[in-house]
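Residue 1 is where the sequence shown starts when you use our numbering, and the numbers rise one by one after that.
Worth double-checking, as some hints may not be accurate.
If you anchor each label on the Cβ, the simulated ranges turn out as follows [to be verified]: (1) Ala124 x Glu87: 43 to 53 Å; (2) Asn154 x Ser346: 14 to 24 Å; (3) Thr486 x Gly90: 55 to 65 Å; (4) Lys85 x Ser346: 56 to 66 Å; (5) Lys82 x Ser106: 35 to 45 Å; (6) Gly162 x Leu117: 43 to 53 Å; (7) Leu475 x Asp433: 31 to 41 Å; (8) Pro151 x Ser300: 47 to 57 Å; (9) His165 x Ile86: 54 to 64 Å; (10) Thr486 x Gly162: 43 to 53 Å.
By construction, these hints were calculated from the structure, which means they are not laboratory data. Where is the CB? At the ideal position from N, CA and C, for every residue including glycine.
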Amino acid sequence: MLKFNQQSKTSINKSSIFVPTYTSEISRQDYQKSSLNNISIIEPESKHEIASHKMLSSYDSHYLKPRPLIRIPEIGDNYVPKKRKIEFKGGYDVQVLSRIGKDVDSLSPEFPLFQELGTVNIHAITLALKSQIPGEVRQALDKLALVSSNPSQNIFLKESPGLTHALGNLGLDLLDNLEQNKANDTVSTVKPLSSSEEEDDEDSDLISSVFNAYRHWETSDKDLIFHVDSMTGDPAVKNKNENAINRLEKIIQDDDTNFNNEMEITTNTINRSYFELEQQPFGFKSYIDLLEMSKNELDSLHSKDMSYFDIYWDNAVFDRIVCITMILRNLSFCDSNQALLVEESSIMKFIFNLIRYLANNSENMSIKRKQLNIQKDVITLLSQLGLHIILPTPADAFTILLLILSFSSEPDPFNGKKMSPSYNGCILFKEYDPSTDKYLPCAVDALAKIIPRDPPNRSYLKEVLLNTCQDEEYLNLLNRYLKGRTLHPYEFLTKTFAFTMSVIPRSDFSFIPKSLELRASLLQQTFLIADNLVSMIPKYGCFDDIILSFDVEKNSINPIAAVLELQKSFNVSYWWLESVESLGPVLLRATSALSSTNTSNYTATEMNPFLKITLKSISILRSLLQKSISFQSAISNDRISNDQLSNSAHNFPTVLKYPLGIFPSTEFLFGALLTDNMNDEIISQLCQFEEEYSAYYRSD
Numbered sequence: 001m002l003k004f005n006q007q008s009k010t011s012i013n014k015s016s017i018f019v020p021t022y023t024s025e026i027s028r029q030d031y032q033k034s035s036l037n038n039i040s041i042i043e044p045e046s047k048h049e050i051a052s053h054k055m056l057s058s059y060d061s062h063y064l065k066p067r068p069l070i071r072i073p074e075i076g077d078n079y080v081p082k083k084r085k086i087e088f089k090g091g092y093d094v095q096v097l098s099r100i101g102k103d104v105d106s107l108s109p110e111f112p113l114f115q116e117l118g119t120v121n122i123h124a125i126t127l128a129l130k131s132q133i134p135g136e137v138r139q140a141l142d143k144l145a146l147v148s149s150n151p152s153q154n155i156f157l158k159e160s161p162g163l164t165h166a167l168g169n170l171g172l173d174l175l176d177n178l179e180q181n182k183a184n185d186t187v188s189t190v191k192p193l194s195s196s197e198e199e200d201d202e203d204s205d206l207i208s209s210v211f212n213a214y215r216h217w218e219t220s221d222k223d224l225i226f227h228v229d230s231m232t233g234d235p236a237v238k239n240k241n242e243n244a245i246n247r248l249e250k251i252i253q254d255d256d257t258n259f260n261n262e263m264e265i266t267t268n269t270i271n272r273s274y275f276e277l278e279q280q281p282f283g284f285k286s287y288i289d290l291l292e293m294s295k296n297e298l299d300s301l302h303s304k305d306m307s308y309f310d311i312y313w314d315n316a317v318f319d320r321i322v323c324i325t326m327i328l329r330n331l332s333f334c335d336s337n338q339a340l341l342v343e344e345s346s347i348m349k350f351i352f353n354l355i356r357y358l359a360n361n362s363e364n365m366s367i368k369r370k371q372l373n374i375q376k377d378v379i380t381l382l383s384q385l386g387l388h389i390i391l392p393t394p395a396d397a398f399t400i401l402l403l404i405l406s407f408s409s410e411p412d413p414f415n416g417k418k419m420s421p422s423y424n425g426c427i428l429f430k431e432y433d434p435s436t437d438k439y440l441p442c443a444v445d446a447l448a449k450i451i452p453r454d455p456p457n458r459s460y461l462k463e464v465l466l467n468t469c470q471d472e473e474y475l476n477l478l479n480r481y482l483k484g485r486t487l488h489p490y491e492f493l494t495k496t497f498a499f500t501m502s503v504i505p506r507s508d509f510s511f512i513p514k515s516l517e518l519r520a521s522l523l524q525q526t527f528l529i530a531d532n533l534v535s536m537i538p539k540y541g542c543f544d545d546i547i548l549s550f551d552v553e554k555n556s557i558n559p560i561a562a563v564l565e566l567q568k569s570f571n572v573s574y575w576w577l578e579s580v581e582s583l584g585p586v587l588l589r590a591t592s593a594l595s596s597t598n599t600s601n602y603t604a605t606e607m608n609p610f611l612k613i614t615l616k617s618i619s620i621l622r623s624l625l626q627k628s629i630s631f632q633s634a635i636s637n638d639r640i641s642n643d644q645l646s647n648s649a650h651n652f653p654t655v656l657k658y659p660l661g662i663f664p665s666t667e668f669l670f671g672a673l674l675t676d677n678m679n680d681e682i683i684s685q686l687c688q689f690e691e692e693y694s695a696y697y698r699s700d
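Whenever a hint applies, use it, and build me the whole structure from the sequences.
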């Protein structure tokens, strides 16, 4: 290896240049440390020296520069497939197709949008509804639906005379068409007349023959000769006139014969339809069942086994009925229109007839989606107009009650079992679920507005709820509703009470959720209905009153068996308190929790949103207990005066066993007294409740 003296300045010639060669065994790092540190590069003096210097520098830059290491990734044994998000369905971009479909729908000329209507003449729309022309009626309904559904534009019925009358008459015509199953009735707005019905025989009418003769005389060049009497000037009767007169008499006779035949056919049809109607069930499908049927109907290809012609015209009629109910619902949202809608007799007749039609044909209607839409619109309409509605008959009250109960979260609180002395706790009060029972608040609102009016609403509903109504039409509807089974004691009263109590939450009330504050108005309406229902329970003074209220033939009843049956079956207030969910403790717990709500978030301490609710809750609880005790006392006191009961060896219970937590304990009262935010009136009610409870057990 060459070594250069760093102190000497010896020049390097071309022949004396040494270029080291590296092998794989020699390390470049060793060469840098050993050789290059001892080499001193002297400034070149000639071109050859410059070239040799460039060769060394390029060599160092190429071979001595460190190179990066290449790492080969480790490959595992498990196969990892490539994954990506599927953005298309069947190769189609659904979002793009959806936007195209919306554009096509917006550009379709079926009916203009609200911003495209321009000036709307309500009087012209009213005349179009009265015209019974299919195209005019459709355009009028479309425009009314668009205008009434826009919240920024209200239609005031005071300024639109005749509009409600036209809508009511059109709805009644549509219902007549559905009931009679005729497509050529007054509802020619749906289906035009057939060509065979429009064409008449030219010689079948005398007027047609006269006009045909006159037209023939005008087109001909011959003179028309009339033969008259020379004395009176009257036309002389010839063969042609005799034939015309004879033909006229024959037509009159045929008309009389056809009229009599039509009367017989109509009478037979009415009797047959009435008989078939008596065999049909009466009632409404529940909201949940209709919702499931509607979803299944959307998934299926066809409805029932009906011809396309029948389905088409049924759809057309139901579309117009749905449109009318939607328009009436939108008009009822304006406060000034509510009284005017109720005052129009055709509107109320249409609503009651529509409810009756739905109850008569709930099982046979093939279009469940439209049935669901109509029921939702009708219950919303009843909730808006409930303050002004007057029920005409007990049958209508019964029909509206069934419609309201169809939106209940639990249609059958008896759980399909019959109340008997051997079965306890059979009543089920299911809790309201806001996510599924979306129209239950509307039903509660409708019942809360209809039931307080007396007369006649409250009296009609009381007769229906207690099953004391003797109206013939109501009894026929009740038999169709029961379908051959027996009626539970206080069945409709219990169903209505379960419907109202479903709104009360079953939580422990350790904290008051925000949703409960939003539900405060619904709870107030619920307790208003419940208070009316509890007041309807009869308060008996003795055993004779109980027997006479359920069976007129008192002497034929075995008193001992009657006592056992009445104790368990007809003490409805006791059954309500001893329900599966223990309604009594729930009401007491709700009273305690809601009355002590912290009111620091409100502007004044007396503005507790649950104050009225708690007062009604404790009042209902006390009323139920008093009715239950009075029922039991009436049976116990009559044992002394009744020989058969006093001599009986049967041990009748004198004190009923109520569920735990229904009565306020001493610790509960002390805790309420020590609570800072507890209302004084609530404490007074609780103390009176505790005194009544103690007096009941001390007396027995």
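These are the hints, each one checked on the structure:
1. Ala124 x Glu87: 43 to 53 Å: Holds, at about 51 Å.
2. Asn154 x Ser346: 14 to 24 Å: holds, 22 Å
3. Thr486 x Gly90: 55 to 65 Å: holds, 57 Å
4. Lys85 x Ser346: 56 to 66 Å: Given range 56 to 66 Å: holds, Cβ gap about 58 Å.
5. Lys82 x Ser106: 35 to 45 Å: holds, 41 Å
6. Gly162 x Leu117: 43 to 53 Å: violated, 21 Å
7. Leu475 x Asp433: 31 to 41 Å: holds, 35 Å
8. Pro151 x Ser300: 47 to 57 Å: Violated, at about 36 Å.
9. His165 x Ile86: 54 to 64 Å: holds, 58 Å
10. Thr486 x Gly162: 43 to 53 Å: With a Cβ separation near 50 Å, Thr486 and Gly162 satisfy 43 to 53 Å, so the hint holds.
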